[in-house]
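The task is simple: from the sequences and hints, build the whole structure.
Residue numbers (this note's numbering), protein chains in the order written: chain A, 1 to 324; chain B, 325 to 648; chain C, 649 to 972; chain D, 973 to 1296; chain E, 1297 to 1620; chain F, 1621 to 1944.
By construction, these hints were calculated from the structure, which means they are not laboratory data.
Just so it is clear, the structure is predicted and the values come from calculations on it, not from any experiment.
Just to be clear, a hint being listed does not mean it is correct.
25 Å max Cα-Cα, derived DSS-like pairs, lysine-lysine [as the list claims (entries may be wrong)]:
#1 F:K1849 x C:K872
#2 E:K1394 x D:K1067
#3 F:K1834 x F:K1844
#4 B:K617 x F:K1823
#5 D:K1186 x D:K1175
#6 C:K941 x D:K1201
#7 B:K419 x F:K1715
#8 A:K203 x E:K1589
#9 B:K419 x F:K1823
#10 A:K214 x E:K1394
#11 E:K1589 x F:K1844
#12 C:K877 x C:K862
#13 B:K422 x F:K1715
#14 C:K871 x F:K1718
#15 A:K95 x D:K1067
#16 B:K553 x B:K527
#17 C:K743 x B:K547
#18 C:K746 x B:K547
#19 F:K1913 x E:K1525
#20 F:K1715 x C:K871
#21 C:K746 x B:K538
#22 E:K1520 x E:K1510
#23 A:K224 x E:K1394
#24 A:K98 x D:K1186
Derived CB-CB ranges, DEER-like [said to hold, decoys possible]:
#25 D:K1265 x E:E1603: 54 to 62 Å
#26 D:E1236 x E:G1549: 51 to 59 Å
#27 C:T884 x E:E1307: 56 to 64 Å
#28 D:T1233 x A:A297: 35 to 43 Å
#29 C:P859 x D:K1265: 25 to 33 Å
#30 D:K1265 x C:D908: 18 to 26 Å
#31 C:P859 x D:D1065: 22 to 30 Å
#32 A:A297 x B:G577: 18 to 26 Å
#33 A:K203 x F:Q1839: 34 to 42 Å
#34 E:K1589 x B:K617: 32 to 40 Å
#35 D:P1188 x B:D583: 45 to 53 Å
#36 A:A309 x B:G577: 41 to 49 Å
Glycine included, C-beta positions come from ideal geometry on N, C-alpha and C.
There are 6 protein chains.
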Amino acid sequence: MIQRFDRLQVELPPPSDPDPNGASAVQELMGGRFGEMSTLMNYLFQSINFRGRQSARPFYDLVANIAAEEWGHVELVGATINTMLTGASPTDDGKAPKASLAGVKDARYHHHYLVGGQGALPADSHGKPWNGDYVFSSGDLIEDLTHNFFLETGARSGKLRVYEMVEHPAARALTGYLLVRGGVHQVAYARALERLTGADMTKLFPSPNIPTEKIPECQPHIKKGLHTKLYRFSPTDYHELSAVFNGPHPETGEELTVDDTMPEGAPWHDLPPQPAVFAPDYAPEDIAEIAKKLREAAGLPKEPTGEVANDPSGVVGRVKDKLS
Amino acid sequence: MIQRFDRLQVELPPPSDPDPNGASAVQELMGGRFGEMSTLMNYLFQSINFRGRQSARPFYDLVANIAAEEWGHVELVGATINTMLTGASPTDDGKAPKASLAGVKDARYHHHYLVGGQGALPADSHGKPWNGDYVFSSGDLIEDLTHNFFLETGARSGKLRVYEMVEHPAARALTGYLLVRGGVHQVAYARALERLTGADMTKLFPSPNIPTEKIPECQPHIKKGLHTKLYRFSPTDYHELSAVFNGPHPETGEELTVDDTMPEGAPWHDLPPQPAVFAPDYAPEDIAEIAKKLREAAGLPKEPTGEVANDPSGVVGRVKDKLS
Amino acid sequence: MIQRFDRLQVELPPPSDPDPNGASAVQELMGGRFGEMSTLMNYLFQSINFRGRQSARPFYDLVANIAAEEWGHVELVGATINTMLTGASPTDDGKAPKASLAGVKDARYHHHYLVGGQGALPADSHGKPWNGDYVFSSGDLIEDLTHNFFLETGARSGKLRVYEMVEHPAARALTGYLLVRGGVHQVAYARALERLTGADMTKLFPSPNIPTEKIPECQPHIKKGLHTKLYRFSPTDYHELSAVFNGPHPETGEELTVDDTMPEGAPWHDLPPQPAVFAPDYAPEDIAEIAKKLREAAGLPKEPTGEVANDPSGVVGRVKDKLS
Amino acid sequence: MIQRFDRLQVELPPPSDPDPNGASAVQELMGGRFGEMSTLMNYLFQSINFRGRQSARPFYDLVANIAAEEWGHVELVGATINTMLTGASPTDDGKAPKASLAGVKDARYHHHYLVGGQGALPADSHGKPWNGDYVFSSGDLIEDLTHNFFLETGARSGKLRVYEMVEHPAARALTGYLLVRGGVHQVAYARALERLTGADMTKLFPSPNIPTEKIPECQPHIKKGLHTKLYRFSPTDYHELSAVFNGPHPETGEELTVDDTMPEGAPWHDLPPQPAVFAPDYAPEDIAEIAKKLREAAGLPKEPTGEVANDPSGVVGRVKDKLS
Amino acid sequence: MIQRFDRLQVELPPPSDPDPNGASAVQELMGGRFGEMSTLMNYLFQSINFRGRQSARPFYDLVANIAAEEWGHVELVGATINTMLTGASPTDDGKAPKASLAGVKDARYHHHYLVGGQGALPADSHGKPWNGDYVFSSGDLIEDLTHNFFLETGARSGKLRVYEMVEHPAARALTGYLLVRGGVHQVAYARALERLTGADMTKLFPSPNIPTEKIPECQPHIKKGLHTKLYRFSPTDYHELSAVFNGPHPETGEELTVDDTMPEGAPWHDLPPQPAVFAPDYAPEDIAEIAKKLREAAGLPKEPTGEVANDPSGVVGRVKDKLS
Amino acid sequence: MIQRFDRLQVELPPPSDPDPNGASAVQELMGGRFGEMSTLMNYLFQSINFRGRQSARPFYDLVANIAAEEWGHVELVGATINTMLTGASPTDDGKAPKASLAGVKDARYHHHYLVGGQGALPADSHGKPWNGDYVFSSGDLIEDLTHNFFLETGARSGKLRVYEMVEHPAARALTGYLLVRGGVHQVAYARALERLTGADMTKLFPSPNIPTEKIPECQPHIKKGLHTKLYRFSPTDYHELSAVFNGPHPETGEELTVDDTMPEGAPWHDLPPQPAVFAPDYAPEDIAEIAKKLREAAGLPKEPTGEVANDPSGVVGRVKDKLS
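What follows is the structure, encoded as structure tokens:
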């Protein structure tokens, strides 16, 4: 089971110019075969299905723990898409019957507006829903690890290509971070295979054949050493990561380490309403008022108790002024 | 982001007689349209995509927090399937070239053996992979909540029907627990709708039209009050649940409450290897030996550090004897 | 647009011994590539999309009118499946928490019980949902007709094979009727192609290579001449059928005719509740009582105004006694 | 079974400027999860599968009758798409080997030209085929009605968003009409739930949170009272609608009524051929000539007997002149 | 079983201006329902599944042999797409972290860049993967042939429409050739049906209703007689083609003939690397060097032994200079 | 392009007792994610899409050539399924209206009878159609090879599990052969990766962790050295295989070799008609007679010119007697 934290694993930039077709490309990192839903679900199922886990505890711990990190990656990809779609219809004056979505009629990805609320969908860059066929959970540990190494390789490839296609700052912040963290997982699974079989897979790195240090948006994370450490995403469990994840990094030679804490992360941006798609409503100010009353009735503070990265702007902000 | 705990939300019975076709029915609760993957992913996406969340914090907290509980439900369904499949091929002497899978040639669900490792798959009872079309995240809060109420209704229906079809003790323990917890979520979303619109949905309960108290396997959980409380699955966030989840339970009239801790849960059973499907290997004892050495080399204790419900039996157990 | 009649195109037998796996085979005639949903949707879309229809009126009328007949075929297939599933769980004493679905745990088609209410689903014999890829609507009249001739050939083949697999009286009544009516459509599309191109396709009949008169369950319909006539399913339109559908039947030489009325048909059986799947409820007698009161409040007769083939039996019947 | 009428439920404007990407958006209302194929097929299957229908006649009649109206909605969406695609390739001089489709090479929806004949397809705005997973037919009446209320809510949302995205007159005429009629169905299912359970769902309206009267294209229909009446789409059956559909409209307070006739409707436009896609042929004038001869041979009038909204123009019209 | 030849069945032009959206249209001819994967797989499965083949040898030989030709069509479509995508990102200076894919962010088909390596995918023009539902293999010879005639009709239609949409020289060379060869297969299956049943299908030609001789890009092939001859794609087998494929061509009256050899064909173009998508690598010159050394170590000639249409240009060419 | 030979790569046993559910398991090797359609299509697409192939010729030749072998594997899997289904309905007296398919009403795989002609389908063991998502063709050579190694690992795993589930002699002959040949491909791709990167993957073998020599049905092929040699499936091309495929076998240490010929193979069994499914017809003797006449009219020998493994028996045989 899990506990959830209302934070992102890394800071993302605030909304800027909307980038509808860029957002459609980023969907590949969400719901594509090699997207973050795939890494999350592969490792979740492999950990659930792990037989004889006590005897193979270091490997079980590795897979089970990386699954937890991937949840945060799904959140990051979603937050990026949402940021890029903010403003694709007017944020302050886009209410029906105005033709507020006419500006995205020629966009590649109609579902962002017709099905979602200018928000991320569990689908790839062509709108194909993610599906369970992307999960490989054979029960055979070596086979599963072989798959995972391949999966992380494909995932790294996808991130690089989205990087090259989309220059929006949110997309760049996302891919810079994910390339570094995905690289760690790629190493982790290679190392696990090496430990089990004795094979030396070191020379397969980097794959695709470009070191992350060449990517400017990766560099800050590399400087902080994020490319060599595995976080332990549990206050109580998965202690045996270090039995597998150790030795020199295959590209840099630095020592691999396990961090017993999770990243500090950063608060989410509270993205403004998009009334054209009724997100969260045609009249979000009404919801704000109801929420306030409910909060009071429940003995909670007048102001929202959650932290967000921004002082919310737009409609919601003005409503707050009016209500206070 | 999340932290993961190596425990199940509720105790499950150990493996007993295998029940291959029963396990195929339980798959519906995993990867069917109304299975636990659907509840998990719906609430995860809705929380990621929530616009103006600060102003609508009680509702955001509600959805975001229930998402966290659903992760544990996915684990429970998976553990149940795996328990029911244990022994469907011999656990101690099923190695190729023996025809150890001949006994399941007529089973409904070949993928459990040919694709999975006698383990759960992200698919429904007919083997159809779960897919992202099952996620509804429109951005419109009232619409999303209307959906969620419907989803929990359909989910409750599915659990009841699996209950009636499958008498295996693990399936019964599972459905007994999920019916109670799903009922809480059904109430939570109805209450959220009521708070936002003023509609009175109380009389729609129970739906389907049978109170959980009639189900023997629900009764222990009802006695503990699990039908009236919402756990807060976060040590730090989602404090505003109580602004929505309060008032009388629509069926029993008892007061709804928020529990600021998550359930204590129970350790997983360490299910024995199934060598016919190489789970975790043709020779799991080799993996055990390697793991032991890795553990020592990393300065970890000789014995596995994780807790499991059973003293592992079968092949793995014997190996431990031999190695110690 | 359409008007609907609360009757089936042909009489079906009442429920007898349930036949779960037979019902799963009949699903192929519902949601398979060559099932009745396919014929219905192909002709509906082709009629909607028909360009230059005024100039090609006889062909437009033909396609548009056959679409209307296919709606009734979908109803017939559904009614057959439902008849065959009646009694697969107890009809009078199957309420949870009884294990009333344990008897169908080994059935091929779990969705009939876990997803449907012992009722037909828009899916094929393996549970795969029908999908729009089965529709061919190219806009090119000759191409569409070539497709339709092929579609009816494949559909006839499917009906024959279900006939050979399933001996349940409802399945036999269904396939006997559909083979005759599908044969008429096959002739109609062949004739249309002949009229447009001059090709002589007469000798392609019968395809598959067995005349319907060899099938005992076809014979009563053949005796009534149903193999040579096209019904006009409209009180006001589609008058030009006879411009295409005429000349000798390619197998028997009898004259093809157009009947300006639709079949008289027969009332549906009112199939009894299946409380194990809550169809229509855990306590159907409550619904009956509510319905009665609503009827009275609306100034309608005390007794239901619709006609059904049976004096409803089982739970519902007893309730009626009690209430009257 | 049904009878079909060669009319649309409401008048649509004639072709004007083509709008290829607008037409791709309208596809969502055809084959999307919440499109008209979904409403049609949900209610058709629920009516077929209704157990104990005699005892629950008012509810059966309601579902069965709305199914019939939805057929007409599918026709309307199709006619709209076809209107919007008319002229996307030349209508009078677009024959191969000319590159007459070069102008739509960058359009979002290649299938309109490469698979369809500049005509509607049973697919959504991304080209994903409609599929049977969109049908919910659980057998449990309350569950099915809960679903239907949700479905109509989602459908209304989709119509509003397409309205905001597409300003083409045909799309606006369509969405204006469907918003009003879908609103009636939403009320009908809410009322049915209220009747069965006693819950008061009135305050959930409107959902999404904008009254149809704000939409200019809805206003003419509201003036005619179409927002408060349910048509009975049967000359002989479904008399018990009024037992459920009565009382005040939840938004306006006006009395809900049942109209025992169906709408008068309007004739279809006879859309001109698009020879680039061979619809209906490379040389439609040949088909016209054949049709004329067939008509005569069958003793039918010289001129087509069907009514269309336009005096057909373009190629076909000229051919008529030439032939007469 | 097969032997493969490193040649295309017909010469294609070298890369010129890239045409990303044109390439997306050509995908329909690859992985669409009527694309070359469909013809290949239909005939392959029908030949594998042919029962009583010895007694029906001429028909078996026909289907089995055409399957072999279709492999070459798949290659041609793929080569065309790849040619059209060459240069969509820079071929000589497109390495990450440059935004070398920014130019295709608005292209219809992101998968060409994010999933493929600027290469063909087994999917249609909307990115939907080809699937086995497109294969019809009923076992009934007449039914299968009826299908094949329809399939070739639909395929011809698709080719014509792509021809009209895409003016890129590679697409035109492709469709010109395939229209001629597909036409031969259409005739072959019609003839087979005629032989088996006696029906005269001659007048159904051409379908769609335009003779290939009107298409300029078809004319060179017609001049060579490619429209009247069936190649025998086997040095040893399928001798009985001529028993079916004979008589006059239905459009031109020329005699149909069997050619006991396969086409001479032409070498492939060696398309240049696209480093933005790592095809074949970030540093293709390294691979070239490794290949050279491996070749030498194996006693093979220094220079590649395979033939290509071009003296490879771009990066690879320069590398060769540098290495020699 | 290819030439086809009317032979199987290895001899299969003749039909014996039918094994319907065994045949459904073997479908996984046909159309499952790791089935032979996947290996065929992956390597076909990778070879088509190979950029800079001249400079990387040894790797191109390797992939392109293995694609050719996989065609033969698809044939073998199909022939096996067909063999196992022979006799599942009567072969000599199963004509409609007899209920000749009643015996397979409870079989897992209705599509074998209702859709196919007791023949193989391009689908997996649950009836899910193979689809193009199973193809990985990234353009990046190292990534593609990493995938291929993983694919062959998964494929080997599937073959082993089918081996353990199905004891029918045809299934055993099939899996014995494919395990050996798949093992060669697994080695080939590992070796290619080693050549390109310098990594040593030798110790990953065998994976799954059981040497093929333990499988009795593999042993005859190992004795012939089939586990160490790569066939060159081209009379003229792909000469550079040996530059990659050399060195010691990772399990046995024997030298890897390239065989410049393809296997001699064996003729197919001419499987008898199954009239219940009209394969190849209701009256196959009529087809035989027609074929004979066509053969004569074309100047071909009286007797079929193709070779089959058996003197055809059953209906067809008797017909031959009667006709001669």
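Hints versus structure:
1. F:K1849 x C:K872: The given pair, whose Cα atoms are some 69 Å apart, is violated under the 25 Å limit.
2. E:K1394 x D:K1067: Judged against 25 Å, a Cα distance of about 44 Å means the pair is violated.
3. F:K1834 x F:K1844: holds (16 Å)
4. B:K617 x F:K1823: holds (18 Å)
5. D:K1186 x D:K1175: holds (18 Å)
6. C:K941 x D:K1201: holds (22 Å)
7. B:K419 x F:K1715: Violated. K419 of chain B to K1715 of chain F sits at ~44 Å, over the 25 Å cutoff.
8. A:K203 x E:K1589: holds (18 Å)
9. B:K419 x F:K1823: holds (22 Å)
10. A:K214 x E:K1394: holds (10 Å)
11. E:K1589 x F:K1844: violated (31 Å)
12. C:K877 x C:K862: holds (19 Å)
13. B:K422 x F:K1715: Distance of about 39 Å is beyond 25 Å: violated.
14. C:K871 x F:K1718: Between K871 of chain C and K1718 of chain F the Cα gap is close to 21 Å, so the pair holds against 25 Å.
15. A:K95 x D:K1067: This hinted pair is violated, its Cα atoms lying about 44 Å apart.
16. B:K553 x B:K527: Distance of about 20 Å is within 25 Å: holds.
17. C:K743 x B:K547: Given that 25 Å is the threshold and the Cα spacing comes to 23 Å, the pair holds.
18. C:K746 x B:K547: Distance ~21 Å between K746 of chain C and K547 of chain B Cα, so the pair holds.
19. F:K1913 x E:K1525: Distance of about 22 Å is within 25 Å: holds.
20. F:K1715 x C:K871: holds (23 Å)
21. C:K746 x B:K538: holds (10 Å)
22. E:K1520 x E:K1510: The given pair, whose Cα atoms are some 16 Å apart, holds under the 25 Å limit.
23. A:K224 x E:K1394: Holds. K224 of chain A to K1394 of chain E sits at ~24 Å (cutoff 25 Å).
24. A:K98 x D:K1186: Cα-Cα ~10 Å, so holds.
25. D:K1265 x E:E1603: 54 to 62 Å: Holds, at about 59 Å.
26. D:E1236 x E:G1549: 51 to 59 Å: Given a distance of about 55 Å, which is inside 51 to 59 Å, the answer is holds.
27. C:T884 x E:E1307: 56 to 64 Å: holds (59 Å)
28. D:T1233 x A:A297: 35 to 43 Å: violated (51 Å)
29. C:P859 x D:K1265: 25 to 33 Å: holds (32 Å)
30. D:K1265 x C:D908: 18 to 26 Å: holds (23 Å)
31. C:P859 x D:D1065: 22 to 30 Å: Given a distance of about 49 Å, which is not inside 22 to 30 Å, the answer is violated.
32. A:A297 x B:G577: 18 to 26 Å: holds (19 Å)
33. A:K203 x F:Q1839: 34 to 42 Å: Distance hint for K203 of chain A, Q1839 of chain F holds at roughly 35 Å.
34. E:K1589 x B:K617: 32 to 40 Å: holds (38 Å)
35. D:P1188 x B:D583: 45 to 53 Å: holds (51 Å)
36. A:A309 x B:G577: 41 to 49 Å: holds (42 Å)
Going down the numbered hints, you'll see the structure goes against 1, 2, 7, 11, 13, 15, 28 and 31, while the others check out.
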